[in-house]
Amino acid sequence: MRRAGGPRPGRCHLHWQELQFHCETDRQLICWQCRRSGHRGHQVQPIQQAVRKCKEAMKNTMKPLRQRLRTLTKPDSNKRTTECAQKAEAQVKKEFQRLFQFLRDEEMARVGALKEEWESKSSEMKERMDGELSFLTDQVKELEEELVGRDDVTFLQDFDCIRKRVASLPSLPSPVGQEIPDFSDMAKHLGNLKFKVWKKMITVCPYSPVILNPASVAVGVSVSEDLVRLRVPECPVRHRCPGHHSVVIGTRGFTEGVHSWDVFVGNSTEWMLGVTSWKKDLEGPFSMCPENGFWGVQLCGSDYYTLSNSKKRLRVKKTPQKIRVQIGWSVGLRGLCRKVTLSDASNGAVISSSSGISSTGPLFPFCCPMEHSSEMRIMPAAVSIRLKEDPGFLEQHGLTLFTLLLAAVFSVYSLYYME
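For the sequence shown, full-length UniProt numbering gives the first residue as 1, with consecutive numbering after it.
FYI, nobody ran anything at the bench for these hints, they're computed from the structure.
Derived lysine to aspartate or glutamate pairs resembling EDC-like cross-links, with alpha carbons at most 16 Å apart:
hint : residue 1 : residue 2
1    : K317      : D303
2    : K318      : D303
3    : K93       : E225
4    : K194      : E107
Pairwise CB distance ranges, derived in the manner of DEER restraints:
hint : residue 1 : residue 2 : range
5    : L69       : L399      : 47 to 55 Å
6    : K311      : V92       : 37 to 45 Å
7    : I202      : L69       : 47 to 55 Å
Built from N, CA and C at the ideal position, the CB exists for glycine as well.
Go ahead and model the full structure; you've got the sequences and the hints to work with.
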């Protein structure tokens, strides 16, 4: 008989028997009668075995939490952060010192040029003044001799002749005093001075279209202080692991427009290059293929392949030293899609082209040096300065007209194939 007040703790509320099993199907604690009746055919195991299994699962769940906790409580964690901040501060100061030195050198050069021209002008003026002084001295001396060397009667008789002789003398040089304030080349030195210096500063301030993300740098990859050069030292252990890649992505993803950049690969025999749509950490083994959001080219020895599971071999006649990566657009059956093209930067020869890429989400540049790679480097882009003028009709509405034209072409294309 069942006692009033319900079963004791640890017993079945239906049969008042001791709870001895765990039903994984219904996730319930059951007694031996429950197992024979309502839970017949279910996946059942003893409580002790179920407890061990659940504890093991809980330990696995807690592993990343414990790892994160250890990382946060490490004494050198804050030290590394401080070191990174100090390193960045030192790099900023170093770059500004280069700019300051450039400005100091430019100041000295321009002041020197101004001083040199002033000395040249002064020397020229002195020569002209000496010449005029000598000329005037001779003329005055001759006239004084005429005045002193003749008596009154002779002077009056010869006065007209003397006056005509003076009038027939060569013209006097231009008054030097009037030219001294007129420093004719002053505009050359002062006109648009700040703009000229700023324009020249471009030579020491290269613009890189791609900046590598230091947070994406894997262990064993060395990235330069200016974040445009990288290489992988010898690391046999890492590269024996299949599927591990030393991928370094750019800090900026491109979502619209047309973009291109050049990467110097030199005589490297192993590298991968292109764009990716990945946003998560590139850790652990993974396959670099379009299905995983990678589009580009791989070099193995002397053979070039597309980044795909099939590893399609590409025909490349001349080994390029610089690779140009371009993100553009193409029109296909799915509408306006993005297109990624890799070519030889020296002659424009296309190495690989991938189209039909979704236009949603950013595409990030990536470089992947490998064990036998030499230095890979993002080349600076050519920068030009153009005075801004009032835009014409095509400049104002060119993009809109181009979009409408593409839409019209796509509509005609779709109607043609639907018929």
